[in-house]
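Trainee: Turn these sequences into a full structure, and let the hints guide you.
The numbers in the UniProt record's numbering rise by one with no breaks, and the one at position 110 of the sequence shown is 110.
Hints in this document: simulated from the structure, not taken from any laboratory. One should not assume that every hint holds.
Below 30 Å or equal to it, Euclidean Cα-Cα: the simulated DSS-like pairs (lysine-lysine) are [as the list claims (entries may be wrong)]:
no.	residue 1	residue 2
1	Lys-126	Lys-41
2	Lys-119	Lys-71
3	Lys-126	Lys-71
4	Lys-126	Lys-115
5	Lys-41	Lys-59
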Amino acid sequence: MITVGLKPKFLNEEETNIVFSEGSTAILGCGAISIPPPTVKWYHNDREIDETSMERYFKMNLSDIGNFTCKISNAFGEITRTFNINLPISQGWYYYTYMYRFILHILFLQYLISKWRKKVRKYAYKNRYS
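Mentor: As structure tokens, this is what we get:
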């Protein structure tokens with residue numbers, strides 16, 4: 001018995017680097033052809049997700065940042081495509097700047113607390129022996 005088949009092949013090239021924009025719709029395409037028809041699995045940051053279509057449509061939110069990988073396979077082979085969803089550089093810098101400012105505020109508060117403690121100790125010592 002001779003088995004004839006074709007390993008999966010993507011139908012087109014897709015842009016795999018996607019800039020995150022909260023609330024906008026993302027379309028991740030993994031259209032492929034094969035004989036026999038392929039099975040499709042999707043992964044988000046290496047965790048399998050419940051999706052079996054070759055196209056993935058969704059409204060983006062912060063939890064979507066990372067990698068989405070589609071794995072298309074049949075008895076004759078397997079292909080994968082990984083999409084990278086990243087923060088725009090300006091937003092990335094905003095988050096780093098925000099964290100830096102937050103840390104500076106914490107350090108400044110620690111400084112103020114230490115100054116206040118010194119004054120309290122000095123006042124307590126002064127009133128203790130007066």
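Trainee: Indicate, hint by hint, whether the structure satisfies it.
Mentor: Structure-based check of all given hints:
no., hint, result
1, Lys-126 to Lys-41, "violated, 74 Å"
2, Lys-119 to Lys-71, "violated, 65 Å"
3, Lys-126 to Lys-71, "violated, 75 Å"
4, Lys-126 to Lys-115, "holds, 17 Å"
5, Lys-41 to Lys-59, "holds, 20 Å"
Consistency with the previously given hints fails for numbers 1, 2, 3, ordered from lowest to highest.
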